[in-house]
Each structure stands twice: as C-alpha cells, then as structure tokens.
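Undergrad: The lines below spell out each chain.
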Amino acid sequence: MFRDGCRTLLTGTAIVPLSFLPTLPLPASPLVLFGVLLIAGHIGGELVYRITSLPRITGYVLVGMLLGASGLKLLTPELTRIANVFVDIALGLVLFELGRRLDFKWLRHDPWLLVTGLVESALSFGFVFFALVYLGVDPVYAAAAAAIGVATSPAIVLLVTRELGAEGQITERTLALTAINSVISFVMVTMMLSWIHSQYRANWYTVFLHPVYLLLGSVALGFVANHIAKVLARWLRKHERHHFMLLLGLIIITVGCATVFKLSVVLALLAFGVMVRNLDERHDLMAVDMSQVEEMFFVVLFVVGGANLHVSDLLAGSVLAAAFIIARFVGKSLGVLTLTWFSGVRRRHAALLCMGLVPMSGFAVTMMQSAMAEHPEFGSKLGSIVLAAVVVLELIGPLMIQFALRRAGESGVELPDGR
Amino acid sequence: MADEMEFGGSAGNTMGVELELQILNTRDFNLARDADDLLDLVEKTEHVGAVKPEITESMIEVNSSIHERHETLLAELRGIRDAVSGAAQRLNLRVAGGGSHPFHKWTERRIYPTDRFKHLLDLYGYLAKQFTIFGQHIHLGCPSGDDALYLLHMLSRYVPHFIALSASSPFQQGEDTAYQSSRLNTVSAFPLSGQAPFIHAWGDFAAYFYKMRDLQIVDSMKDFYWDIRPKPEYGTVEIRVLDTPLTVERAALLAAYAQALAHYFLSTRPREPLRDVYLFYSYNRFQACRYGLSGIIADAYTQQRVELKQDIVTMLSQLAPHAQELGSTAALEELTDLVRAQRTDAGWLRTVFTAHGTMNDVARLQSDLWMGRNEGALPINGNGA
Numbered sequence: 001m002f003r004d005g006c007r008t009l010l011t012g013t014a015i016v017p018l019s020f021l022p023t024l025p026l027p028a029s030p031l032v033l034f035g036v037l038l039i040a041g042h043i044g045g046e047l048v049y050r051i052t053s054l055p056r057i058t059g060y061v062l063v064g065m066l067l068g069a070s071g072l073k074l075l076t077p078e079l080t081r082i083a084n085v086f087v088d089i090a091l092g093l094v095l096f097e098l099g100r101r102l103d104f105k106w107l108r109h110d111p112w113l114l115v116t117g118l119v120e121s122a123l124s125f126g127f128v129f130f131a132l133v134y135l136g137v138d139p140v141y142a143a144a145a146a147a148i149g150v151a152t153s154p155a156i157v158l159l160v161t162r163e164l165g166a167e168g169q170i171t172e173r174t175l176a177l178t179a180i181n182s183v184i185s186f187v188m189v190t191m192m193l194s195w196i197h198s199q200y201r202a203n204w205y206t207v208f209l210h211p212v213y214l215l216l217g218s219v220a221l222g223f224v225a226n227h228i229a230k231v232l233a234r235w236l237r238k239h240e241r242h243h244f245m246l247l248l249g250l251i252i253i254t255v256g257c258a259t260v261f262k263l264s265v266v267l268a269l270l271a272f273g274v275m276v277r278n279l280d281e282r283h284d285l286m287a288v289d290m291s292q293v294e295e296m297f298f299v300v301l302f303v304v305g306g307a308n309l310h311v312s313d314l315l316a317g318s319v320l321a322a323a324f325i326i327a328r329f330v331g332k333s334l335g336v337l338t339l340t341w342f343s344g345v346r347r348r349h350a351a352l353l354c355m356g357l358v359p360m361s362g363f364a365v366t367m368m369q370s371a372m373a374e375h376p377e378f379g380s381k382l383g384s385i386v387l388a389a390v391v392v393l394e395l396i397g398p399l400m401i402q403f404a405l406r407r408a409g410e411s412g413v414e415l416p417d418g419r
Numbered sequence: 001m002a003d004e005m006e007f008g009g010s011a012g013n014t015m016g017v018e019l020e021l022q023i024l025n026t027r028d029f030n031l032a033r034d035a036d037d038l039l040d041l042v043e044k045t046e047h048v049g050a051v052k053p054e055i056t057e058s059m060i061e062v063n064s065s066i067h068e069r070h071e072t073l074l075a076e077l078r079g080i081r082d083a084v085s086g087a088a089q090r091l092n093l094r095v096a097g098g099g100s101h102p103f104h105k106w107t108e109r110r111i112y113p114t115d116r117f118k119h120l121l122d123l124y125g126y127l128a129k130q131f132t133i134f135g136q137h138i139h140l141g142c143p144s145g146d147d148a149l150y151l152l153h154m155l156s157r158y159v160p161h162f163i164a165l166s167a168s169s170p171f172q173q174g175e176d177t178a179y180q181s182s183r184l185n186t187v188s189a190f191p192l193s194g195q196a197p198f199i200h201a202w203g204d205f206a207a208y209f210y211k212m213r214d215l216q217i218v219d220s221m222k223d224f225y226w227d228i229r230p231k232p233e234y235g236t237v238e239i240r241v242l243d244t245p246l247t248v249e250r251a252a253l254l255a256a257y258a259q260a261l262a263h264y265f266l267s268t269r270p271r272e273p274l275r276d277v278y279l280f281y282s283y284n285r286f287q288a289c290r291y292g293l294s295g296i297i298a299d300a301y302t303q304q305r306v307e308l309k310q311d312i313v314t315m316l317s318q319l320a321p322h323a324q325e326l327g328s329t330a331a332l333e334e335l336t337d338l339v340r341a342q343r344t345d346a347g348w349l350r351t352v353f354t355a356h357g358t359m360n361d362v363a364r365l366q367s368d369l370w371m372g373r374n375e376g377a378l379p380i381n382g383n384g385a
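Those sequence lines, one after another, are chains A and B.
Our numbering numbers the first residue of the first sequence as 1 and each following residue consecutively.
Our numbering numbers the first residue of the second sequence as 1 and each following residue consecutively.
Honestly, the hints are just simulated from the structure, not real lab data.
Treat the hints with care, as some may be off.
[Claimed, not checked] Each computed BS3-like pair below joins lysine-lysine, with the alpha-carbon atoms no more than 30 Å apart:
(1) K105(A) - K105(B)
(2) K238(A) - K105(B)
(3) K105(A) - K309(B)
[As the list claims (entries may be wrong)] Derived, one-sided and incomplete: chain A residues facing chain B with beta-carbon distance under 8 Å:
(4) D103
(5) W106
(6) H109
(7) D110
(8) E167
(9) G168
(10) Q169
(11) E172
(12) R237
(13) K238
(14) H283
(15) M286
(16) A287
(17) S343
(18) G344
(19) R346
[As the list claims (entries may be wrong)] So these bits of chain A aren't anywhere near chain B, every CB distance computed over 10 Å:
(20) P30
(21) H310
(22) F329
Just so it is clear, the structure is predicted and the values come from calculations on it, not from any experiment.
Here a beta-carbon is modelled for each residue, glycine too, at the ideal position from N, C-alpha and C.
Given only the sequences and the hints, what does the whole structure look like? Please build it.
TA: Below, the structure is given as structure tokens:
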C-alpha cells in the first residue's frame, strides 16, 4: 500500500515534472492585455497632450496604430478579439452616456434641432451615396458605406468634451445631433442588412426577421434595463453611490445580454440611456457622473480601434476616401448651416457645430462586418471602401471638435484672458 | 458738482426691480454657463426690457421698468419671466430664482468676459467667483438727494425685514447652512460692503464720495456694495439685501412693501435718523439671516427687543393707509398672511429637500416653481422657518 502510494507519487512527478509551473506557450490573458492597453494608451495620450496639446484621444489611437496592424504587429487580430469584451463594455458606456444626453423635451421646445438632425443625416447619406456611386462603387456597398457615415463618432465627441470640461450650446448641440445621427445610422444599417442579405439570396425570413429582431429586441432590452433601474433605485433611495453602482452593473449586464441574445450592444445601450433620461417621469434616477470608470474603458477602446486601422488602406483607397470625407462634410454642413439659424444659433457658432460633427470611428464598420460574418467577402469589400476615410476621420476628428469647442469659448479650462 | 453725483430726482412713489437669476442645465440641474447664448436669444426673440450679464456665466439680471403700482409691476415681471423661460427652454436650459444655487461648486464658475468683471476677478480673486449668488434689488424713487439720504437711514432700521421676507438661500455648495439667507455672508466678505456713512445732506455725501474716489478707493458708486445705496443717476435709493425670491409674485410683493415704506417716510417724515440704528445694525442683520422671521432684533427707537415676525406685521398694519393710496392694499394683506403663516422661501426649499432627499431635486423644483411649472409639486410656500 505504502509502496504503491510512493510509486504513484514518484511516477506522477516523473511523468509531469513541476506541473505547478505554467506551460509554454503562455496562454493569452485578457487581464494582462487590458492593463497593458490601459497603461500604454494613457502614456501615449499624455505624451501627445504634453508635446502637442492635441486631444489625448489622438494619442490613444496612435499607440494603437503603433502596436497594431500598421506598426509593430504586437496586437494581433487574435489579441484584439480577446479585447472585444472590453470594447463592448466601452461601447456600451459610450452609447448609454450619449442616450442620456438626448432630451426629448428639448426637441419639443426646439423642433428645429430635430429637423436639423434629420436633414443633415439625410443630406450626408445622399451626398456620400451619390459620390461613391459616381466613382463606380456598387450601390449596395455605397449605401452601406453612406449609412455608416451618417453617424458622428459618439466616443470621440464625448471624450473630447470631457477632456475639455466643455459646456455650452455648441457642446450640447453637438452631442444631441450626434445622438440623433447615431440613431438614424444604426437603424439604417440594421435595415440595410436585410437588403444585403437579399442580395446574397438569403431566406425570406432572414431578410425580414433579422433586422426586426435586432431593432425590437435591442430596444426591448434597453426598456427592461431601464425598468429594473427605476425599481431598484426607488428601493435603494437617492444617493449618488447607490445609483452609480446600480447603473454601472446594469450597463454591463445589458452589454452581456445583448451579446448573448445576439442583439445590438449599441442599440440596446443607446435605448437604455435614452429611456433613463426620458422615461423617468418620477425622477427616480440621479444623473450620476460615471466619467472615471468610463475613461478607463475609453482608453482601451481607442487603442484597440487604432490597432484595427490599416495605414495601407489609406494609400489604397485615397480617392474614395477623399470623396467620402468631402461629401459627408458638405452634406452635414449644408444641413447644419441652413437650419440651426431657426434654433437661434449664431452663424459663427453654426460653422463650429459643423466641425464638431466630423469625427468618425471604425466601430460601425467592424459591427457591420461582424453582422455579416457569414459573408466575409462583403465585409472586406465594404472595408476597402470606407476604412481609408475612417483612418483620416479618426485622427482629424478629435482635432476638429477640440478646435470648435475652444473657439466657441466652451472649454472649461479658463485661459488667462478669461476665455 | 460734477455730473455723476448730480441727483436726478424722481417721483416719490415710484419703484423698479432688478432680479439676478440662475441658469441651470436640465441634466443634473447644476448651474450652466450659457448666459451669453441666453442673452442673445432673449434679445432676438422679444423685447423684455433690460436683460444683462452678471459676474459669472451662470447668471443673468433682468430689470423691470419704473412702476407706480404693484399690479403693473407684477404683470411686467411675469412677462419677463415667461420670455426668459421660453428662450431658456429652446436652449435646453432652466431658469430659477432663489438666493443661492443649492449645490454648485464655486471653483467651477467662470467669469463673464467683460472688462469690468475681469477686473473684479483680478481684484477680489476667489471672492469674485463665490459672488455667484442671486439678489433682488428694489429701486425707490426720491425727489432729491437729501430725501434719498433720509430714506436710506430710515430704511436701515427695516433691513432685517427685507432679509427675512426674501430669505431663499438656506443651501450653499451642497450643504444646509442653518441660515435662512446665507447669501449675505458672502457679500460681507467684500471690503466695501456694509452701510453708507451716517451723512444727511447730499452735498456732504458727494464730498465723501469724491474723497474716496480721489484716494482711489472707489471708481464709481458701483464699487460700494452697501446694503442700501443711493443711485444719483436714476434718482433712487436701492435696497440690495434681498435674496431673489423663488417666484416673481413674491418679488413684486416685496417691492410693494418697500414702496409703501418709502411713501410713509417721505410723505410723513415721522422721525429723525438715529445713530443707534447702526449700533445694532450688524446684530439685527445677523438675526434675520440666521433665523428669518423668528429672529429677535433690537429696535433703536424703542430700545426694546422684538421678534421680526411681530415687527413686520405691526409695520404692515401701520402702512395700511399708504397702501390704500398706492393701490397695494391687497398686496400688503397677502404679505401679512404669508408672514403670519410663517411661509418663507427658505422653508419651502428645506421642505423640498426633506421630501426628495437630493439637492438636484431641490434645484429642479426650484426652477419648476420659478418657471411656473409646479403643478402637482409642493404648494408655493412651504411651512416653517
């Protein structure tokens, strides 16, 4: 008995020596990755800010590009897939925040704001679509690209606004218009999926039911989250700490549920945010500030976003990119310049508002690609059309909105001359 | 005598009101920074008299024109309120009365960019940003400079009345201050605050002003932050101790009370100015700020202690014949009822806080009340001081 035991012990150690040590190759750890992205991004942001006083966000993207496909290739597609869970949380936080900024009461008191949002979205869609078709792009792809281009990047707008501590009409209107054009863009992209599916001769029920499931399911998920938030908030009583924990928990749960149910994280969280702001008749929920936690995820979001950018795309698609960027800017500006006057916005400020709507990021493209995962050739073809423009807009977008907010005198940083 | 100290006399029964208002965002009801855009839009949409910037970007000041009667003043104030509220809503802002914002942080305030306000920031440092408090000023017309000084010294005895009746700043920087009006404590920090000198002839007063100006202590009358100050340019005496009330209705009632007092003193000259008024002045002022209507003041004329509530009710009944002459009998009766019932704005704000539990809700309901959207909320004047 004893000898058996000894033998087992001995042979055991003999077969797997030092089994308590990790085996090679080391498995990829999401936690290490998160921490590294956070620190690398933060340092990059700080460097860019100190040297150039450009927005930190530009530094995050540059670090991503340095580590990613266009640079050292340390952030392989495999690793960015692992980071996706953090990207989802970050997007969830962004869209929730953006939803909280869309105030239906404001749209009622200033209907021109809503009209501006609708018209600038329609014009930028139309201009981009026709420009791309004119340049020989297949209408299906031109429409998909144009629909993606309707949205201003909520993450960039929010992050730059935060960094500047900006407050005022241009800040609020940029955020509101971003919220409106994001909703329109997401809905258009979702509807378009059915059209694209039909191009690939999918079953009729996929064509019809997929977008319906995505739209209604995501909104319903947001509604449920909002309902639970209100009920729990009432029970917890009004205290900043309670509401912070409650909302953060629910945001993460909603992101998780959206993924599990194959719904749209973006739409579900946007719906959640909008309902928190507009379906809270009894004012049960406090407008808690979650910026500290959000910032952490935003850094990772933009590093990963940068890693996914390919500088080679820029060279390959420079003509299309130029057409896309110009058509989008002209469409948006035309809408804003003609209609904001009715809202009582000064001309000079309207021009700044146009600049605020420039930022765009690549996540919409990534999302569309993943929604069309069963047709990878669609994704890669779409990518070749818009990604070059995304590289440019993700880099110059933050500069444009930073310039606009400073010029409007809405930056919270007080300059020596009092402005 | 140079122009600026020439007293442009005006009819003895006229009044005008200035109100400093809070601009809030609709998200968490903190102070916003949109004074510039709001002023721009108000000017564009409707003509509502003078609307001006104030020291920080979170405030605006609205002015009434000159009135002889309470009801026309009230009507004009309501018109101004509606116009400003309407413009604010188009910009997704709210407007509120009240002497202080319940929870804003003064470090986040930014000075409105004009030369004068930048100069004040240079001179007074952080006090300039802490000056983000909101007052009501009542102008009372006086036929001459001598009358103005007489009225000023008479009204000093009644400064605690105006403090207690308008008190609406129980909260500051997110805390209950235990005061009914905490706003005046902020004013007291300024070196040129306090009371006008005990001078009775306008010529002597002008000489005092020139002395101060030659020594470069002041530039203009504007630099005196006194509780009551003559305004030679308008031909008025200006009472400046009031918190902006939570409603224009109360603002108009208080103006009617001031008008009746002025009429009483200027038309009957019942007594002479007394230096003892200023002996007890700071104590009485503190009592009114701290305890409101329950404060106990020392009366220089009777050398007695008296509760403010009682003192006000007594004075209001004494003013009845003057109110009749001015057509403000109903207004003063309404004010008497409010005082008897001990209904104050500070009390209302504390009731709201107890009922809802957050300062954000206080600011929200405070602006609902100002903008006339308080249906279903608490009654206009909560109990208790």
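Undergrad: Please check whether A287(A) passes as an interface residue: C-beta within 8 Å of a C-beta belonging to chain B.
TA: Given a least distance of 4 Å, the restraint on A287(A) holds.
Undergrad: Can M286(A) be said to touch chain B, with a Cβ gap under 8 Å?
TA: holds, 6 Å
Undergrad: Was the hint right that S343(A) lines chain B, CB cutoff 8 Å?
TA: holds, 7 Å
Undergrad: May I ask you to test the interface hint for D103(A) with respect to chain B, counting a Cβ-Cβ separation under 8 Å as satisfied?
TA: holds, 6 Å
Undergrad: Can we keep the G344(A) interface hint, with Cβ of chain B closer than 8 Å?
TA: This interface hint holds because 5 Å falls under the 8 Å limit.
Undergrad: Could you grab the alpha-carbon distance between K105(A) and K309(B) and see if it respects the 30 Å cut-off?
TA: Distance ~42 Å between K105(A) and K309(B) Cα, so the pair is violated.
Undergrad: Beyond 10 Å from chain B, beta-carbon-wise, is P30(A)?
TA: holds, 34 Å
Undergrad: How about R346(A): closest beta carbon in chain B under 8 Å, or not?
TA: holds, 7 Å
Undergrad: Can you verify the interface hint for E167(A): is its Cβ closer than 8 Å to any Cβ in chain B?
TA: holds, 5 Å
Undergrad: Tell me if the straight-line CA distance from K238(A) to K105(B) falls inside 30 Å.
TA: Since the Cα atoms of K238(A) and K105(B) sit roughly 20 Å apart, the hinted pair holds (cutoff 30 Å).
Undergrad: Would the hint on Q169(A) be counted as holding, given a Cβ-Cβ threshold of 8 Å to chain B?
TA: holds, 5 Å
Undergrad: Less than 8 Å between beta-carbons is the criterion; does H283(A) satisfy it with respect to chain B?
TA: holds, 7 Å
Checked against the numbered hints given earlier, this structure breaks only hint 3.
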